[in-house]
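Peer 1: Here is what each chain is made of, one letter per residue.
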Amino acid sequence: MLDSNKDALKLEAMKRIVAMIARGKNASDLFPAVVKNVACKNIEVKKLVYVYLVRYAEEQQDLALLSISTFQRGLKDPNQLIRASALRVLSSIRVTIIVPIMMLAIKEAASDMSPYVRKTAAHAIPKLYSLDPEQKDQLIEVIEKLLADKTTLVAGSVVMAFEEVCPERIDLIHKNYRKLCNLLIDVEEWGQVVIINMLTRYARTQFLNPNINEGGGGDKTFYCSDEDEDEDEEKEKKPYVMDPDHRLLLRNTKPLLQSRNAAVVMAVAQLYFHLAPKAEVGVIAKALVRLLRSHSEVQFVVLQNVATMTIKRRGMFEPYLKSFYIRSTDPTQIKILKLEVLTNLANETNISTILREFQTYIKSMDKDFVAATIQAIGRCATNIGEVRDTCLNGLVQLLSNRDELVVAESVVVIKKLLQMQPEKHSDIIKHMAKLTDNIQVPMARASILWLIGEYCEHVPKIAPDVLRKMAKSFTNEEDIVKLQIINLAAKLYLTNSKQTKLLTQYVLNLAKYDQNYDIRDRARFIRQLIVPTEKSGALSKYAKKLFLALKPAPVLESPFKDRDHFQLGSLSHLLNAKAGGYQELPDWPESAPDPSVRNVEVKESVCGPARVCPVNTFPTNRHSSAPPLILISASSEPDTGSGSESVSVSVESGSPSDSEESEESSESDEDEEEEEKEKKKKKKEIKQMQASESRARSKPDVSFQTIAPSSALKNYELLHRITGEGLSVEYCFSRQAFSPDANMVAVQMHFTNNATSDTKNLHIEDVKLQSGMRVKEFAEIELLPAGEATTAVMGVDFCDSTQAANFQLCTHTRKFFVSIQPPVGELMRPVFLTENEFKKEQSQLMGMNEISENLTLDAKCRNEHAIVQRVTTAANLSRVPCGSDKECRFAGKTVTSGSLVLATVATKDEGAAQLTVNCEKMVIGTMLVKDLLLALTQ
Amino acid sequence: MIHSLFLVNASGDIFLEKHWKSVVSRSVCDYFFEAQERATEPENVPPVISTPHHYLISVLRHRIYFVAVIQSEVPPLFVIEFLHRVVDTFQDYFGVCTEAAIKDNVVVVYELLEEMLDNGFPLATESNILKELIKPPTILRTMVNTITGSTNVGEQLPTGQLSVVPWRRTGVKYTNNEAYFDVVEEIDAIIDKSGSTITAEIQGVIDACVKLTGMPDLTLSFMNPRLLDDVSFHPCVRFKRWEAERILSFIPPDGNFRLLSYHVSSQNLVAIPVYVKHNITFREGSSQGRFDLTLGPKQTMGKAVEAVLVSSQLPRGVLNANLNPSQGTYTFDPVTKLLTWDVGKINPQKLPSLKGTMSLQAGASKPDENPTINIQLKIQQMAISGLKVNRLDMYGEKYKPFKGIKYMTKAGKFQVRT
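Protein chains in written order, with UniProt numbering: chain R, 1 to 938; chain C, 1 to 418.
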């Protein structure tokens, strides 16, 4: 029929084939016949062919290629629906060969006139990505472009694509953040869910915790920071001001709580739960309670989430307590979840109503539910002391219930409760002892036996009797009960050996020949422990302490207790296990990242007119108005203390471009906090600098022409105070030239004597080096008094390798083996080059000598200044002036061989950057690239 | 997102499958069947099942399980809500959503699913957009199609898809312009043994059937809008206007839709329309039990209580019931132990009652649980919360529409504990 030239017949044939596919029957034999019809004029036939093609193309790759040209033609059709569906099918055919065609089609469609086609393009991105992850970079470009799209139709789909392809590229969102917030309400509902979830994650990385000042709330991350305390205090005093963008998000999502789509409501609820200040979270309760009227599957998911929320924010749902009351018609799983919520909500004021409710539940016909209710009562009783006795009495009454499951469950719960206050309840224990004749459920029997054993002193008469009965039935019991019988026997033997000695022996003998090795083991162990023999060691003296130690009462807690580390509403949260592709919800940052990244150049930017402040109010201390100075020598520069910034800026070429200026200016207000921090850091730096300066001054001969170290020096540990018996040694690469030998790297050592006695004759001995390496020792330090510190400089020629220099550090009493391993960045010293020289040198170091790497800059390292600082911290290089503000160049040469090392960081949009290192020594080059990458991305 | 969809009927057969990405073998459903076996009741199957490689999310509607296969993290509600939307769409298209209806229209179902999801992500779920893409099958249309050879599938992109009002298509024309609104309220309540109310709330909806030409802009205002403090809207309602003036302003979709649903939770606003006097006892030692039930109207504001249906799940020990209704009929299913009593209208002069004895299984001890009584009822011409529509205005079009509003109260989950 497919070969017929009548459309009606073809249609009929296709319908039958599709019906086959639907039933799961294999129809792949017909592939060639069907594919022919892909160009059919009749649109319904065409669509059915598409359905067929998508289903079987993967299996018949070669034949599927025949249809590609039709789609390519379809992509140029004037009808947008046809363009879109051609793209849809093309991208749904999972044939690897056509990846380039798909890529091209997606790129083209991404700039299509019709938003519908653009939407389809966004849908096609994850398809292509799953087919060929290699295309990621190109796809990210397309995503970036589509993210900038202003139509609501596209927004949802492209965020979906973003989440599947590159959820880690949060930097792509910055510029679109405000637009997404404002469009949100008009986006179709499925898109809303995805966008809200993504924005939750985004906000967690970009804004401060709104509940920070209230302390508590479990948000301890902030206090765990290892920053010194006074800084914490300072921050706490500062009132928290919510970022206007944060507020914008909360404001724009709130109306969506009224959506008819449960998924949207849930998404907003989790957003509020994770992001909103405590006072505002309450609004979601009402909406969530409303969802409880929906289908039972929806109820199930919502209740799971409510259960988690009630643990953290109980007050939120308290007014809605009654909405969680259970109806006899609810499915069991819903009942149990509601019970969980009710238990979580219980407190002193409402416990009586809740317990009354529970009483009715116990009479339910659904036994699983009754068992859960009994456990819930147990939990209420442990959590709320006032009602413990009432609960206990109620549970004891249940012991006379006819249903065995109910009784067993109550026994287990009573056992837990009794452990909290055993003294008062010996009559209950007696009552339970009587029950042993009737109850058959092993768990319950075991619980009773344990109770009697534990509190045998309260029931001295009954306990041996119970043991007697149990000994009789020992062989017929379950394993768990047997263990408890042995346990009971042992405890009784210790407290009341007169009456029970024989019984215990008997039980232990029975256990000795049990089938279960656990029980045999236990019996052997207990026999050794309690029965005094001539050989019995010291342990048996403590037997009583071992067995009759006070046991802490068990804590009954909710299974939902720790679930809130998963993003609420997610699959992972529901399963309490990480599902594939789950994105962790990051912790709040300690300080807000630069909010100006969200500024959009266009004037219509919605929020915050106060954002951009005029340039002239810009604090002048940030840029020292130094002329484009190029050479600074460490000793001649009087104001080293002005910190790293002045240095790096002064090396900057003539006039910093305007755009940069304004960009930086916009951060000024919000950044005060950060600035303060920075100042602190600077102060620290200054101290260090002064220290190193003073050291430098003590050696006036170091007037060597170098470029000042542009950042704080990193200290490494050579000898820990504990291994060094009070002597601790730290070293740093001072980046000064080592005067006695220019080929050596200067290592500054800082000795501290923490011991109580003086250390004498500090010197180096027994230097073990790789061939070619040399060491120039420091002069022997004759005396280091207790509590004092001193520094010394030694020189090491590492031969341009990162091999460690091993030697012994000797005092008058001890020798310590130590080693110094240089980071590759310290094996070079800065040289000054002009831009032209740099380019010339670079052009000679191409090919094998050039290593380049793409990277994404760390969020805090987007501006030029930060890049310069990070690079110069990581490697002893100097900045090369350069005309373009997109590139930072650095130059240096290796200490020993003097080969040039050139590094270039070219920044692109959105934090992408390229790092290029040119070096004759390829090993050094590769290692340097690694180190710099690390420095720039972290 | 959604990888595949399987439709499973009550007897456990997969009768339809659709894959949006690579094909997932049917055998993945075995995990689902396992869970199904473990659950005693069909509705006790957990909605989310985790298997080694996939996650199964299922919903049960009309005795058909819709099982979606997921491979990675996705909000479960997203999938559940979508599956329900699929069922709603089927119902919209075929009138009913049964296995037979789906099997008969398997091609349309396939076309619909193809349009609703692209690569597992929802594409078009708005019913009027779908209806333009794929026309619902009617007998008339099938005949016309066979004669003229035209198809069921639209050739143009639905206009709604691109407009700011995606829920409405352009160029709607009617000869009779009419707009009907139904205010339907359901009472959810739990009444305890002694007849006092434990919880009571009202779930209300306003369903609309709007058949108006062109692009009308409607506003609906209420006499007492303050009642509505917990509402959810159809996307067409302008939320800002509601916040500011408490007026519903919207461009309606074409045809039937749910304009708004609301929730009145404060108990004192909820009137309980009926009371139940009951006396259900089992005597210790004898194999007989007494059953005595009387219904009477309570706060009904003079309106008649109609279509009353009482049902109760009697304890497992009950063998049979020998009862005598003063009106209506009763049935007792000895297998499921479900007692239903179709009362009909309650006459305040002569209260309906159901009296008699129950026989217990010989030797069985007295059941210690008491059955709960579920009641269904209807009250016409009244919204029990007292919500009243003030007026409906139309802007943007010249003609005068025919307007109508209807109120109705029903019992939702109305339970009496005994």
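Don't take each hint at face value.
[Unchecked claim] Under the rule of at most 27 angstroms between Cα atoms (straight-line distance), these lysine-lysine pairs were calculated in the DSSO-like manner:
| no. | chain 1 | residue 1 | chain 2 | residue 2 |
| --- | --- | --- | --- | --- |
| 1 | C | LYS18 | R | LYS150 |
| 2 | R | LYS322 | C | LYS413 |
| 3 | C | LYS193 | R | LYS363 |
| 4 | R | LYS41 | C | LYS378 |
| 5 | R | LYS175 | R | LYS921 |
| 6 | C | LYS355 | R | LYS286 |
| 7 | R | LYS367 | C | LYS193 |
| 8 | R | LYS41 | C | LYS277 |
| 9 | C | LYS413 | R | LYS286 |
| 10 | C | LYS406 | R | LYS25 |
| 11 | C | LYS18 | C | LYS193 |
| 12 | R | LYS363 | C | LYS403 |
| 13 | R | LYS36 | C | LYS413 |
| 14 | C | LYS277 | R | LYS322 |
| 15 | R | LYS839 | R | LYS921 |
| 16 | C | LYS131 | C | LYS413 |
| 17 | R | LYS322 | C | LYS403 |
| 18 | R | LYS322 | C | LYS193 |
| 19 | R | LYS367 | C | LYS413 |
| 20 | R | LYS322 | C | LYS131 |
| 21 | R | LYS322 | R | LYS472 |
| 22 | R | LYS41 | C | LYS131 |
| 23 | R | LYS367 | C | LYS410 |
| 24 | C | LYS18 | R | LYS254 |
| 25 | C | LYS345 | R | LYS6 |
To be clear, the hints were calculated from the coordinates, so they are not data collected in a lab.
As the structure is a prediction and not an experimental result, all values here were calculated from the model.
Peer 1: If a hint holds in the structure, say so; if it doesn't, say that too.
Peer 2: Verification of the supplied hints:
1. Between the alpha carbons of LYS18/C and LYS150/R the distance comes to roughly 33 angstroms, so the proposed pair goes past 27 angstroms and is violated.
2. Proposed proximity of LYS322/R and LYS413/C is supported: the alpha carbons are some 14 angstroms apart, at most 27 angstroms.
3. For the given pair, LYS193/C sits about 13 angstroms from LYS363/R by alpha-carbon distance, which is consistent with the 27 angstroms threshold.
4. With a C-alpha separation of about 54 angstroms, the suggested pairing of LYS41/R with LYS378/C is violated against the 27 angstroms cut-off.
5. The hinted pair formed by LYS175/R and LYS921/R fails the criterion: a straight-line CA distance of about 41 angstroms is larger than 27 angstroms.
6. About 42 angstroms separates the Cα atoms of LYS355/C and LYS286/R, which puts this hinted pair outside 27 angstroms; it is violated.
7. This hinted pair checks out: LYS367/R and LYS193/C have alpha carbons roughly 21 angstroms apart, not beyond 27 angstroms.
8. At most 27 angstroms may separate the alpha-carbon atoms for a hinted pair to count; LYS41/R and LYS277/C exceed this at roughly 71 angstroms.
9. Between LYS413/C and LYS286/R the alpha-carbon distance is near 19 angstroms, which keeps this suggested pair within the 27 angstroms criterion.
10. Taking the CA atoms of LYS406/C and LYS25/R, the gap is near 50 angstroms; set against the 27 angstroms cutoff, the hint is violated.
11. With a C-alpha separation of about 50 angstroms, the suggested pair LYS18/C and LYS193/C falls outside the 27 angstroms cut-off, and the hint is violated.
12. Note on LYS363/R and LYS403/C: the hinted pairing is violated, with a Cα-Cα distance of about 51 angstroms set against a maximum of 27 angstroms.
13. Simply put, LYS36/R and LYS413/C have alpha-carbon atoms about 57 angstroms apart, too far for the 27 angstroms limit, and the pair is violated.
14. Of the supplied pair hints, the one linking LYS277/C and LYS322/R holds, its CA atoms being roughly 24 angstroms apart against a limit of 27 angstroms.
15. Between LYS839/R and LYS921/R, the direct Cα distance comes to roughly 18 angstroms. Compliance with the 27 angstroms bound is thereby established for this hinted pair.
16. With a C-alpha separation of about 34 angstroms, the suggested pairing of LYS131/C with LYS413/C is violated against the 27 angstroms cut-off.
17. This hinted pair does not check out: LYS322/R and LYS403/C have alpha carbons roughly 39 angstroms apart, beyond 27 angstroms.
18. The suggested pairing of LYS322/R with LYS193/C holds, with an alpha-carbon distance near 17 angstroms, which does not exceed 27 angstroms.
19. Our distance criterion of 27 angstroms between C-alpha atoms is met by LYS367/R and LYS413/C, whose separation comes to about 22 angstroms.
20. For the hint pairing LYS322/R with LYS131/C, the CA-to-CA distance comes to about 42 angstroms; that exceeds 27 angstroms, so the pair is violated.
21. Restraint check: the Cα-Cα separation between LYS322/R and LYS472/R comes to about 51 angstroms, which exceeds 27 angstroms; the hinted pair is violated.
22. About 22 angstroms separates the Cα atoms of LYS41/R and LYS131/C, which keeps this hinted pair within 27 angstroms; it holds.
23. A threshold of 27 angstroms between alpha carbons decides the hint, and for LYS367/R with LYS410/C the separation of about 31 angstroms lies outside it, so the pair is violated.
24. Proximity of LYS18/C to LYS254/R is assessed by CA-CA distance (about 36 angstroms); at most 27 angstroms being required, the pair is judged violated.
25. Taking the CA atoms of LYS345/C and LYS6/R, the gap is near 60 angstroms; set against the 27 angstroms cutoff, the hint is violated.
Violated hints, in rising order: 1, 4, 5, 6, 8, 10, 11, 12, 13, 16, 17, 20, 21, 23, 24 and 25; the structure is consistent with all others.
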